[in-house]
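Peer 1: Protein sequences appear in the order of chains A and B.
With this note's numbering as the guide, the letters of the first sequence map in order to residues 1 to 317.
With this note's numbering as the guide, the letters of the second sequence map in order to residues 1 to 399.
In short, the hints are calculated from the structure, not lab data.
Label-pair ranges, simulated between beta-carbon atoms:
id: 1; chain 1: A; residue 1: Asp89; chain 2: B; residue 2: Ser188; range: 53 to 63 Å
id: 2; chain 1: A; residue 1: Leu306; chain 2: B; residue 2: Gln132; range: 45 to 55 Å
id: 3; chain 1: B; residue 1: Leu143; chain 2: A; residue 2: Ile153; range: 50 to 60 Å
id: 4; chain 1: A; residue 1: Ala206; chain 2: B; residue 2: Asp250; range: 30 to 40 Å
id: 5; chain 1: A; residue 1: Val235; chain 2: B; residue 2: Ser144; range: 17 to 27 Å
id: 6; chain 1: A; residue 1: Ala131; chain 2: B; residue 2: Ser220; range: 41 to 51 Å
id: 7; chain 1: A; residue 1: Leu306; chain 2: B; residue 2: Ser220; range: 21 to 31 Å
id: 8; chain 1: B; residue 1: Glu201; chain 2: A; residue 2: Phe21; range: 57 to 67 Å
Just so we're clear, the structure is a prediction, and the values are computed from it rather than from any experiment.
Glycine included, each C-beta is placed from N, C-alpha and C at the ideal position.
One-letter residues, chain by chain:
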Amino acid sequence: MFLYLLRRVIYTLPIMLGVAFLCFLLVHISPGDPLVSILPPDASIELQRQLMTLYGFDRSYFEQFVSWIWRALQGDLGTSIATGRPVADEVFRAVGNTLMLAGVATLIGFFFGSLFGFVAGYFRDSWVDRAASALSVLGVSVPHYWLGMVLVIIFSSWLMILPATGAGPGGSGAWVWDWAHVQYLILPAVTMSVIPMGIIARTVRALVADILAQEFVVGLKAKGMTDVGIFLHVVKNAAPTALAVMGLQLGYLLGGSILIETVFSWPGTGFLLNSAIFQRDLPLLQGTILVLAMFFVLLNLLVDVLQTTLDPRIQRS
Amino acid sequence: MTDAHTPAAPKCPPSPAAAEAAGPSASAVGSATSTATTPVTEPAAGFATAATKVSDAHSPALASEPPIVSVRDLTVTFNPGKRPIKAVNGVDLVVRRGESIALIGESGSGKSVTLRSLLRLHSERRTVIGGQIDIAGHAVLSLSNRALADYRGRVASMIFQEPLLALDPVYTVGAQIIESIRRHEKISVADARKRALELFERVRIPSPERRLDAYPHEMSGGMRQRAMIALALACRPQVLLADEPTTALDATVQIQILLLLRELQRELGLAIIFVTHDMGAAVEVAERFAVMYAGRIVEEGPTREVMHNPRHPYTLALMQSRAHGAMAKGARLASIAGSPPDLAALPPGCAFAGRCVFAEPRCHEIQPDAVQLSELHRARCIRTDATAAGMPRIEPATV
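Required output: the full structure, derived from the provided sequences and hints.
Peer 2: Spelled out as structure tokens, the structure:
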């Protein structure tokens with residue numbers, strides 16, 4: 001098991017390097033001068049040169065890449081052009097916020113998605129199944145920023161029971177798990193959970209229907225297992241795939257929540273990316289993308305390892 | 001019942017020797033059919049002597065006992081409403097303690113459906129079951145859900161055709177056996193595991209301790225089927241239902257599994273109902289044959305009598321369509337013309353009449369009653385005499 005883990009970790013190294021290279025490349029081939037946003041329009045050529053040298057933009061792409069990677073490995077992602085603060089600090093604060101939001105959203109989505117999926121799979125072709133399926137299709141296809149705004153109108157504007165935006169009274173840095181803070185999390189998390197809920201519900205429904213049609217379920221009945229006992233077998237058979245889908249969803253939510261974080265002014269990575277793009281803050285943009293990509297890779301690794309321990313048929317070699 | 005797992009139980013000869021012994025007996029059966037005119041009384045083939053031994057050992061004491069399995073007028077209809085499929089149409093079956101019977105027939109003859117009805121394994125929503133099933137004092141068709149679950153596996157249990165599909169892939173075989181034991185008995189995990197180990201030794205799985213912790217996909221086909229048998233016997237059932245247990249195995253393993261089943265049946269006093277389309281396999285285990293066609297038992301009787309002296313044209317045709325030792329090289333294998341009837345639109349008369357060489361107009365109109373040919377031998381046909389007489393006339397074609 002330890003050797004297997006080690007091997008899996010080593011396998012991810014080239015993937016990480018490739019991802020880092022891609023994100024460096026994408027940021028640098030995109031149009032726009034990074035220094036435009038901080039230089040006054042009438043800045044002299046001399047000053048421009050000076051800043052270019054300071055940020056290293058005058059060196060070759062290869063040199064820039066190597067030095068960026070080298071420093072990134074030591075935890076230094078550079079300095080934000082817009083704010084002058086270390087990128088690593090900005091990114092990790094945002095990642096913490098996003099991780100919290102995405103984690104809660106995925107848990108909500110996984111719980112209700114599995115619930116709907118199991119009910120639909122067990123009572124296939126009944127009205128319960130159709131209702132659950134309709135709900136999950138709605139979840140996948142409804143525009144989330146729109147849903148977010150509708151929720152804000154209902155719960156913040158009309159009912160006035162939940163705050164509309166922000167991450168709590170203390171700003172983005174001082175999160176505590178109490179009602180004063182958690183109430184800020186509810187609307188964005190619910191809005192965001194609709195995506196994984198729909199996908200997980202559809203996956204679990206297909207899984208459960210497939211498992212129930214297998215001969216071993218008849219075998220379990222034949223040895224006298226009750227419905228509850230059989231249900232536990234179905235859960236264990238469905239778990240590896242359902243968890244894999246959940247892991248991937250968490251990965252998507254980590255990076256793909258720009259719209260929701262913007263609607264709710266949630267100080268997460270999506271929000272950060274958004275502002276980095278508009279301010280042409282290359283080091284910040286690069287650093288954020290890199291950290292998100294690394295999270296995605298690690299999450300995949302985690303899911304793979306988890307799946308292997310749950311499903312004995314997946315070979316560890 | 002007797003304790004099935006006492007260590008004092010006699011150990012059997014190792015399987016290779018037993019498999020060798022079975023070889024000649026199987027071919028003897030084959031050649032016996034080609035000389036079908038031999039009197040029924042002749043003590044010839046190896047399987048037959050084995051079968052006689054079993055019935056000798058059991059019948060005097062058990063003849064008066066009520067049968068352990070009693071099925072009366074069983075009907076199974078799938079998909080009721082739109083286009084009902086009548087898979088089983090009035091099956092009567094009696095099996096005594098310690099007796100083994102083979103349900104024989106082609107695909108779609110209703111043999112597996114009949115077998116699965118005995119555990120009520122069909123979907124309740126899409127199946128209508130009629131008639132009566134009594135197994136060891138349980139009126140199976142009227143059991144509550146809870147009582148049904150208690151009955152399954154403990155009174156009657158089942159071996160499936162493909163153990164790889166019938167075992168849960170994400171649990172070890174040992175865990176599945178332990179689960180089954182603990183479902184029916186209040187017993188600690190350690191004790192249940194001990195019993196699972198004994199079962200594995202009993203079905204002769206090498207290095208049983210290690211194999212208990214194997215997943216189904218890690219075992220070979222023969223090992224898996226042995227594990228399946230161990231699972232089926234885990235709660236000491238009285239009736240063992242075997243649904244084509246050797247069909248998915250290769251020939252040498254088949255023989256070993258059949259011998260194991262026969263041996264367990266004798267030692268544990270099990271009643272076995274064995275579903276197969278392979279007569280060579282059926283002969284190895286069954287004392288009695290019940291031949292099914294279109295959801296009915298068309299002929300039933302002691303194995304030897306049915307094999308040597310079939311009285312239903314379908315049984316006769318089945319016997320003739322087997323490949324056996326006496327076949328000349330290059331000879332064509334006889335086959336039954338036509339195809340089985342549509343179970344959603346059964347003819348009013350005998351279902352086999354359309355393919356039968358002995359059929360006369362009457363056959364298409366009325367459902368034939370069972371004709372009692374000897375004490376235990378019955379056939380549902382109005383031309384049983386023609387069938388008996390017609391046998392030598394058709395015979396030369398196959399030799």
